[in-house]
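With the hints as constraints, model all of the structure from the sequences given.
Line order of the protein sequences matches chains A and B.
Position 335 of the first sequence, counting from 1, maps to 349 under this note's numbering, and the rest follow consecutively.
Position 285 of the second sequence, counting from 1, maps to 288 under this note's numbering, and the rest follow consecutively.
Some hints could be false.
Straight-line Cα separation of at most 27 Å, DSS-like style, residue types lysine-lysine; simulated pairs [claimed, not checked]: (1) B:K177 with A:K262; (2) B:K329 with B:K279; (3) A:K354 with B:K279; (4) A:K259 with B:K177.
Per the computed footprint, the stretches of chain A lying under chain B, defined by three or more beta-carbons under 8 Å from a beta-carbon of chain B, are [claimed, not checked]: (5) 244 to 255; (6) 340 to 351; (7) 355 to 366.
Hints were generated in silico from the structure; no laboratory data involved.
Being a predicted model, the structure only gives us computed values, none of them experimental.
Glycine included, every Cβ here is placed at the ideal spot set by N, Cα and C.
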Amino acid sequence: MRKLSFILLLILPLAALAQSAQELVQDAQQKQRSGDLEGAAAEYRQFLQMHPEAAAIHSNLGAALAGLGRFEEAIAEYRIALEQSPSLVEARLNLALCYYKMGRIEEAAKELEKVHTEKPANRQALLLLADCYMQLGRENEVIRILEPEAPKSPDDPAIAYLLGTALIRQKRVAEGQVLVDRILRNGDSAEAHLMLGTAKMGVQDYAGARDEFAKAIALNSDLPDAHVLYANALMFTGDSDLSAKEFKAGLQQDPYNFEANLQLGAMAKQEQNYAQARKYFERAGETRPGDPGVQYQLALLAVEDGTLDKAREMLEALVKESPQFLEAHVSLAQVYFRLKRTDDGKRERAIVLRLTAEAQARQPGVKQNEGKVQ
Amino acid sequence: MILVRYFAAQLTRQLVIIRLGGKLVAPLLYLAASMAGSQGQASCAKCHAEARSQPSTNMARALESVEDCRILTDHPLLTGSFGRYSYRIERKGDQSVYSVSDGGTTISMPVRWAMGASSAMGQTYILEKDGQLYESRMSWFRELNGLGPTLGGGNALPADLGEAAGRLMSHDDKLHCFGCHATNAAAGREFTPDRMTPGVQCEHCHQATAAHLAAMARNSGLPAVPPGLTSLQNMSTEQVSNFCGQCHRTWAEIAMQARPTIANVRFQPYRLTESKCYDPDDARISCLACHDPHTEASAKPVDYDAKCQACHGGGKAEAKACPVSKSQCVSCHMPKIDLPGAHYKFSDHRIRIVKPNEPYPG
Numbered sequence: 015m016r017k018l019s020f021i022l023l024l025i026l027p028l029a030a031l032a033q034s035a036q037e038l039v040q041d042a043q044q045k046q047r048s049g050d051l052e053g054a055a056a057e058y059r060q061f062l063q064m065h066p067e068a069a070a071i072h073s074n075l076g077a078a079l080a081g082l083g084r085f086e087e088a089i090a091e092y093r094i095a096l097e098q099s100p101s102l103v104e105a106r107l108n109l110a111l112c113y114y115k116m117g118r119i120e121e122a123a124k125e126l127e128k129v130h131t132e133k134p135a136n137r138q139a140l141l142l143l144a145d146c147y148m149q150l151g152r153e154n155e156v157i158r159i160l161e162p163e164a165p166k167s168p169d170d171p172a173i174a175y176l177l178g179t180a181l182i183r184q185k186r187v188a189e190g191q192v193l194v195d196r197i198l199r200n201g202d203s204a205e206a207h208l209m210l211g212t213a214k215m216g217v218q219d220y221a222g223a224r225d226e227f228a229k230a231i232a233l234n235s236d237l238p239d240a241h242v243l244y245a246n247a248l249m250f251t252g253d254s255d256l257s258a259k260e261f262k263a264g265l266q267q268d269p270y271n272f273e274a275n276l277q278l279g280a281m282a283k284q285e286q287n288y289a290q291a292r293k294y295f296e297r298a299g300e301t302r303p304g305d306p307g308v309q310y311q312l313a314l315l316a317v318e319d320g321t322l323d324k325a326r327e328m329l330e331a332l333v334k335e336s337p338q339f340l341e342a343h344v345s346l347a348q349v350y351f352r353l354k355r356t357d358d359g360k361r362e363r364a365i366v367l368r369l370t371a372e373a374q375a376r377q378p379g380v381k382q383n384e385g386k387v388q
Numbered sequence: 004m005i006l007v008r009y010f011a012a013q014l015t016r017q018l019v020i021i022r023l024g025g026k027l028v029a030p031l032l033y034l035a036a037s038m039a040g041s042q043g044q045a046s047c048a049k050c051h052a053e054a055r056s057q058p059s060t061n062m063a064r065a066l067e068s069v070e071d072c073r074i075l076t077d078h079p080l081l082t083g084s085f086g087r088y089s090y091r092i093e094r095k096g097d098q099s100v101y102s103v104s105d106g107g108t109t110i111s112m113p114v115r116w117a118m119g120a121s122s123a124m125g126q127t128y129i130l131e132k133d134g135q136l137y138e139s140r141m142s143w144f145r146e147l148n149g150l151g152p153t154l155g156g157g158n159a160l161p162a163d164l165g166e167a168a169g170r171l172m173s174h175d176d177k178l179h180c181f182g183c184h185a186t187n188a189a190a191g192r193e194f195t196p197d198r199m200t201p202g203v204q205c206e207h208c209h210q211a212t213a214a215h216l217a218a219m220a221r222n223s224g225l226p227a228v229p230p231g232l233t234s235l236q237n238m239s240t241e242q243v244s245n246f247c248g249q250c251h252r253t254w255a256e257i258a259m260q261a262r263p264t265i266a267n268v269r270f271q272p273y274r275l276t277e278s279k280c281y282d283p284d285d286a287r288i289s290c291l292a293c294h295d296p297h298t299e300a301s302a303k304p305v306d307y308d309a310k311c312q313a314c315h316g317g318g319k320a321e322a323k324a325c326p327v328s329k330s331q332c333v334s335c336h337m338p339k340i341d342l343p344g345a346h347y348k349f350s351d352h353r354i355r356i357v358k359p360n361e362p363y364p365g
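Structural data, given as structure tokens:
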């Protein structure tokens, strides 16, 4: 995704610009290509002071900032670019990618819909949009946009996978199965193992998933997200040490991978390496500002630091924002007890009981007694 | 990347819960004590009477070596079956061999450890094969006086012979299981079986005992109570509950799992905390109010009456007196719950007025 969000072709009326400005942009682009994103961003800003109306440069600046994990700033730049030039599809695609990466899937989908309408042949936008729909549980939308594309790209594993999965979920199992089988027929490919692994994770066959991901990585260690998925499976099968190694490999591929940062932070916290944990959580928080999971972990770090009032404030804010966040209520109860606020602690425990009972009641067949009182 | 984002996003949410709910590390158990366990126990017993009674408790023998395991010596041949698989645990000299057969093929593994005291409700065996440790699929249960499927091993029949034999222990499993059933089983994230002493010994709960012993050596000149020496005496009820809960499971750990099933009856600190009468600041409802970890817990209901009456006998204004009886309170208010598959009736530590035919209050 980094690669995709990296460079926008700059088509500017350069001839109209002063030579120094032209050189500035060229230099910034060169820096962006070579990975000096801070340098590129600084030069884009310098240029924009002279030419704030340059929509494409705002977009390029956004791409540089996104590469640095400064997603909110990047979004602001993309927004400016799109206000100035609503038809700048590349800026809109990059904006969508930012939202996608931050887990703001609804917003990503809205932008991708516009890109898809504008450029229906853009495969990246199509697949990302389909994936957003899938994440939002809108399988019918996935089918609507991918069904016409499948016959045109019979060998495209991504289309086959997304469409096949959507069809199966919509009870069109036979049609879906044909597409999924198509990927598996390709034999011992990294993608096929990755797909099998994700499918096994979906049915909680963690050992099976672990083995599939290992095979996928053995065949292609650069496969995007494979290390993170492998690490997730390893966590479920209880191999935390190898899991940590794989999450770190995932961060080598993408330093702003949300899952890897969050889980490595949780591991570091478990190891009582709180400074390292904070670094990981803060980076995860940069990717998804305000994410309740990250906020919760930071609150737990405050508990570990002994700054209980700070932890209490963070947890109170969390449960106010997310009243169904069970873990936050559990931890808040503990913090209240440690602060000798017994009544508040009891109230939180009562909330935990209620939430648990409600969750239990939603599960058919388990709300009644499984055993008997003797 | 696109293929997997969906699952990854879902997993993130699940993983946060599991990681927070799961107890990967019990920091207090990871003692880097330099002294050997058994020597420490004997040294402690010179001054502390508790250290003389504690070795006879089930907790002190929560892990038994295969040589010392009385169940295995008293039962030179144990047999059982599960689905189409048949099992044998056969004594050979001072060792035992665990075998599973599907009628055609047989897998045999030496038993390395027995998890659970021979005098307790049951034992699960730790097997070794190719340098890996496995949790046996079949355990010994006192109620059966024989083998039955290991609790938590899943209700489904094993898919193959390997699965029928046992479950491969991950690194985390070793840290968890041996971390609670033995002493000095881990140093940080490192599993240290070479330094491990079976069972819960003094230094399992009392950190810095090595420094304390060094200080008590004649003319050492060191402080008798070194920094970090753990004493439960000054802990609040809530702190004690969390301390014991490191192995017996805390309220928070179970509450975060949000699965109020009957299986939780095993987790006493969690259940006690759910009691209406639980007060985090009242020592009369602490784990230690009823249980001295240095002696075996009494199975006689009458032995706990005084503990209940400390509040319900007029000691606490809001604690009502029982209109039915003043003796054997726990037999009604802490009912025995038959946990399916455990072959044991656990005292439910969620103290309450039990209503006839009520569902199990998760």
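Going down the list of hints, with the structure as the test:
A distance of roughly 23 Å separates the Cα atoms of K177 (chain B) and K262 (chain A); the hinted pair therefore holds under the 27 Å criterion. At most 27 Å may separate the alpha-carbon atoms for a hinted pair to count; K329 (chain B) and K279 (chain B) meet this at roughly 19 Å. A distance of roughly 18 Å separates the Cα atoms of K354 (chain A) and K279 (chain B); the hinted pair therefore holds under the 27 Å criterion. Between K259 (chain A) and K177 (chain B) the CA atoms are separated by roughly 19 Å; this keeps the pair inside 27 Å, and the hint holds.
Requiring three or more residues with a Cβ within less than 8 Å of a Cβ of chain B, the coverage given for the region 244 to 255 of chain A holds, as 8 such residues are present. Given a C-beta distance limit of less than 8 Å, the hint that chain B covers the region 340 to 351 of chain A holds, as 7 residues qualify and 3 suffice. Coverage of the region 355 to 366 of chain A by chain B holds in this model, with 4 residues showing a Cβ closer than 8 Å to a Cβ of that chain against a need of three.
Consistency note: the structure conflicts with none of the earlier hints.
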